[in-house]
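Student: Chain residues, written in single-letter form:
4 protein chains.
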Amino acid sequence: MKGKLRVAMIGGGPGSFIGAVHRIALRMDGHYEMVAGAFSSTHEKCLETARELGISEDRAYQNWRELIDKESILPEDKKVQVIVITTPNHLHAAPTIAALNAGFHVVLDKPLCTSLDEAHAIQHAVEESKGLFCLTHTYTGYPMVKEAKFQVASGALGKVRKIYVEYPQGWLSTLLESEGHTQASWRTDPSKSGKVGAMGDIGTHAFNLAEYVSGHKITEVCAQLNIVVASRALDDDGAVLFKTAEGATGVLMSTQVAAGEENNLKIRVYGENGGLCWEQKDNNTLTVMPLDAPVQLLRTAGAGTSEFSLAHHRVPPGHPEGYLEAFANLYRNFASHIRSLESGNTRNIHLDYPGIEDGVRGMKFIEAIVKNNAGNEKYTAL
Amino acid sequence: MKGKLRVAMIGGGPGSFIGAVHRIALRMDGHYEMVAGAFSSTHEKCLETARELGISEDRAYQNWRELIDKESILPEDKKVQVIVITTPNHLHAAPTIAALNAGFHVVLDKPLCTSLDEAHAIQHAVEESKGLFCLTHTYTGYPMVKEAKFQVASGALGKVRKIYVEYPQGWLSTLLESEGHTQASWRTDPSKSGKVGAMGDIGTHAFNLAEYVSGHKITEVCAQLNIVVASRALDDDGAVLFKTAEGATGVLMSTQVAAGEENNLKIRVYGENGGLCWEQKDNNTLTVMPLDAPVQLLRTAGAGTSEFSLAHHRVPPGHPEGYLEAFANLYRNFASHIRSLESGNTRNIHLDYPGIEDGVRGMKFIEAIVKNNAGNEKYTAL
Amino acid sequence: MKGKLRVAMIGGGPGSFIGAVHRIALRMDGHYEMVAGAFSSTHEKCLETARELGISEDRAYQNWRELIDKESILPEDKKVQVIVITTPNHLHAAPTIAALNAGFHVVLDKPLCTSLDEAHAIQHAVEESKGLFCLTHTYTGYPMVKEAKFQVASGALGKVRKIYVEYPQGWLSTLLESEGHTQASWRTDPSKSGKVGAMGDIGTHAFNLAEYVSGHKITEVCAQLNIVVASRALDDDGAVLFKTAEGATGVLMSTQVAAGEENNLKIRVYGENGGLCWEQKDNNTLTVMPLDAPVQLLRTAGAGTSEFSLAHHRVPPGHPEGYLEAFANLYRNFASHIRSLESGNTRNIHLDYPGIEDGVRGMKFIEAIVKNNAGNEKYTAL
Amino acid sequence: MKGKLRVAMIGGGPGSFIGAVHRIALRMDGHYEMVAGAFSSTHEKCLETARELGISEDRAYQNWRELIDKESILPEDKKVQVIVITTPNHLHAAPTIAALNAGFHVVLDKPLCTSLDEAHAIQHAVEESKGLFCLTHTYTGYPMVKEAKFQVASGALGKVRKIYVEYPQGWLSTLLESEGHTQASWRTDPSKSGKVGAMGDIGTHAFNLAEYVSGHKITEVCAQLNIVVASRALDDDGAVLFKTAEGATGVLMSTQVAAGEENNLKIRVYGENGGLCWEQKDNNTLTVMPLDAPVQLLRTAGAGTSEFSLAHHRVPPGHPEGYLEAFANLYRNFASHIRSLESGNTRNIHLDYPGIEDGVRGMKFIEAIVKNNAGNEKYTAL
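Sequences listed follow chains A, B, C and D, in order.
Numbered by this note's numbering, the letters in the first sequence go through residues 6 to 387 in order.
Numbered by this note's numbering, the letters in the second sequence go through residues 6 to 387 in order.
Numbered by this note's numbering, the letters in the third sequence go through residues 6 to 387 in order.
Numbered by this note's numbering, the letters in the fourth sequence go through residues 6 to 387 in order.
The hints are simulated quantities; they were obtained by calculation from the structure and are not laboratory data.
Keep in mind that a hint or two might mislead.
If several chains are the same, the list does not tell them apart, and a pair holds so long as it fits within one copy or across any two.
[Said to hold, decoys possible] In silico EDC-like pairs for lysine to aspartate or glutamate, Cα to Cα no more than 20 angstroms straight-line:
{"id": "1", "residue 1": "286", "residue 2": "297"}
{"id": "2", "residue 1": "383", "residue 2": "225"}
{"id": "3", "residue 1": "9", "residue 2": "38"}
{"id": "4", "residue 1": "9", "residue 2": "34"}
{"id": "5", "residue 1": "271", "residue 2": "74"}
{"id": "6", "residue 1": "135", "residue 2": "277"}
{"id": "7", "residue 1": "9", "residue 2": "53"}
{"id": "8", "residue 1": "83", "residue 2": "372"}
Just chain A, with the same shape it has in the complex (with noise of 0.2 angstroms):
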């Protein structure tokens, strides 16, 4: 290890529930040092996140155009390798693309951006960049998440025939949007979060968490996107069917309005042999359903887990490890592969994490439900 990889954040301010979780993650694993931020649209706000966080006031930048610019031109063992951008998604493409060309590693929240044409363009800056790219689609990062997608890769479950993914929330079942709420009032607006609502915000997860431990690609969906809470302007709920290139077929519900549930993220995949599921309620078991043998449930480091999930866990079996581990599983791999790019190793297990792909392919999910959910044929193809 050659020191602390050098971190600057843009967005993340006062009242931004992503950028604590992203700061957690970041410093779990002791692979990274924040060193300067561009955390909110006032300076003063800036300012004041810059202190909390002991960031010196001279690297709390203005905006995000003003950090790219000024760490560009700082000496190679000041300036900060890795950007993190953790803006509402309607300032996504901007920072990223701009700290891309300027030669930065970029993690970003996700979604991607706001619609194809713009992940298209940060595709391109990606293809383009020296930087590496993530993006945070965090669920991908739990240790039995991990070991679901070995499952199935390894052939357990024999060809996979149907999936069910699902991801109930409550939060957004009153108008919250109408008293002040932050994170409702950006993540309902359409000039900030895009097309859509609750399939943007939580429905591009389940989407992107059904192709990572499935391993099958979603080409044709057929959506009931709704708005339930009145006034509202973009979806709240909704569900798709859709079939898979690989001949597997499925059911994908997202809701933001399910009263009483809190972040209730759930997958089953069923193949020719066996099933499984994993739900993030209950994140540190893997329950394996074989066809005609009693139902396993693999546990984080537990007996019998593969050294794909093993190389994603921090303590003995039984203790339990979440979301935050999770997350900090993505940068601690992100991490990892900046270090074997600089040392020159190729990609390893514990390189695994969402990239420019995976936010791509989101953003083709979102035009095709869009599209299909406003007119009257039965699928839409991706």
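Please build the complex by placing chains B, C and D on the supplied structure of chain A, with the hints as guidance.
Tutor: Just chains B, C and D, lined up with the frame of chain A:
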């Protein structure tokens, strides 16, 4: 009590799963006595079953027509009062109509029949008969399903917005019907099962449960029916997006190829003020999720449950009741209805059981999803 | 089958909980028919119960002595074959001995009686009688308890080292007996319940389950018996450290003042190579924990279960069975034993049910814990 | 915030489990920076760990004495403020006392030490020092353990009557210590672990949790300590019946030979008006069981939780937090206490963490159970 109700059974001979279940259910509370039957397609097998059950051989009939004819002319105090029909689906309509026309009370296994035309014919027979009619949508007999219905009806959740119902099984993951498996054979055979496979066998249960608990009527469906196991003739899997007359939407999932799953019926209903969840695997618990208060676990016979569910259990809280008790609740309520009819009492909470309306709605559901699945329109009306 | 076994019941009149349970259990599989009874201390109440049950009034006896005397002299094809005794504990020994002496088969509710002397007298009567004897330690009737016993006996866990058994209830958290609660009144009254309260009512169940599943014999106990609710006469709570003849140790916890608990019997057994856990709340699951392999969930009638447990279920996997079915398994096996005795068949796996040895051991356990609790020695031998 | 607190670690070199855990915990919230260490018994290994952690070699000390001596004479703005001690038990007292005497704040891994005499010596040092002291009884850091303590303290359960606490592990089911397993070796070695094995390693956690949640003081114990795996020198299993000063009784079970168990700490407390249950396996749920109302599930950061538990979480409800976050809560509160000491603030809810009193009580518990187990008296006073 004026002694036990005398019962005859049509179907339920060797190899029948559901025949034995009906017999346990009707024995459980001591309201019925089985004294006659036409259990099988051959008289030899019928006699075999009769001997096992201690039924006298002269009331072990060659076929259902003989049973109805001969029982009809027995003295009032000897002839059966209730006829239970547990034959495959294509043999539901004829004996049901004949038994009703002859004035017997009829308990019929679900689904009602194999077409909407048959359904209307049975409905007509029910309306004209002095006999009562029960369709064994078993799951509505669970105390905590009753409680779920009560919670919704009482307004505890506010206006219902979202309904998820699912019924995954795994037992048809292989081509069992090619191996001489009795149950698999008729259930996957269009000439015996009707226009649908899994959707008729278990999808109608899910549909019935959704309407029963929510109190809503499903009016539009968008369906995906799949034949997953090659060379099977009927759907073994499917999913339906739906809308209700009362303004909710929902998803119904029903599959018999979820390898590793047993029989995991589950329903979730969300309203403006909270949600609830019930699943058969933990049938004595109803999870109630208020919008802004801790989740509550209502338990069969436990604190905080309504008279409606309390009327449907047998033992104190913590003594698990199950599928057979739920089934027996249908029989007990049907007996109560017969008794109250005789005594002139009006319908009360002990008399709640599924009937002809449930059956007709199930057939409308099947017709609509078959039509929708075959065509290209997004939604089809029931 | 030669027709149903004719049954009389002693006890089980209005206000009895367990009488009704016995009646459902013996009806369930169609092997018994109740034709006589001495249900209550008053003849009026006895007649009331007889009428409810459809029993002819001339066989609704004034008391148990009359029942035994008069049934004894009825013709062989009319008199009852089995006598079920569900009276409070102090009324167990006398009718049981009289019934056995008269040659009847006897089903007795637990605990066996109120002292070891009585226990030995009953044991003597069982040994001398041509009648068979069943003591309804219900919990051994659960399919997954059978499976647990099989797993241990088959050596799957290796040598047993540790046994934890617990039975927490909360219903006696207040002084219910002062409010005219029938069940609470006799169970907390030394003149009716015996030397112990909770330890006799549910502690003996826990003790029986521990010995049944582990196959070990408990030989030494160190007990703490508590009267938690002021002015109660008998223990309502207690815990026991124990050692077994085969070299294991364990803990037994039994309480009726765990406010908020229903009836949560649970057993865990650990051996050299793994452990297992069963709890009544999820009675259809047996959790098997191998030392170095993933946890397995064995399910009633599911894959990987033994013939021993498969012989004790009624419906396919995923259709929950419960307490009444477990109870009915005792009755079914007892009927099988009676039948096989008549036909000369030897004992087989369908004949497993608790008997006199279980009862005597339960009384030894009670005597030992009472002695240990009263004195200062650390361990007392059974 | 005046910058991060500078930390040195004693112990935690290669092969240490808990050293790595402490490092993650102290990094998580950004309050600490590790700048020095005496990680291992050899300087070579110490340097190796220092390099991995990015600590400069001149502060990678040969041993703990050198660390304390040399750090003591560094300038105020450079020298460490907090010393974290993660050595085996027999190396707790000496460095702790030395560090406290030198005025450093100390975080010590549990158990406090190996005898009550040592405990009193440490207690004296704490009282005399200007440094603060934290003993990492981790489990008190879980938000839902805080909530459990709050529920009891607020009177929600009424007077506490019964306490069950258990801590089953299975990892010492075989003689791991004979296979060169670092953790197993010192934990089963009386010269390093002290007078007890499992009871010191995890039994003291269970004891601490019981007193923390209930608010009761355990005053009498009746213990059974077992050496289950042959040729082991210390107890690997045990159970304790206990009484509290406040009038409750309870059972403590602690084992490391429950083959197949991970790390399943669980506590249940019952009072006059209800009970509660928390288990580490589902650490974000607190089950509250009122006497006459439905069970409630309180969830980390969820509806109905107190400010006391809300002060100890990082992400919204439904984003699972776990063991590392609980551990980090101890570090965060300790930092808050140090900061508030500097700023003159008084103790507040964010400052709750285990200290010297917890440590001394743990040693008293060990002395009492060892004495009780060796003798014949039923109860021994703490």
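Student: Hints the structure violates: just list their numbers, smallest first.
Tutor: Hint check: 5, 6 and 8 fail, others pass.
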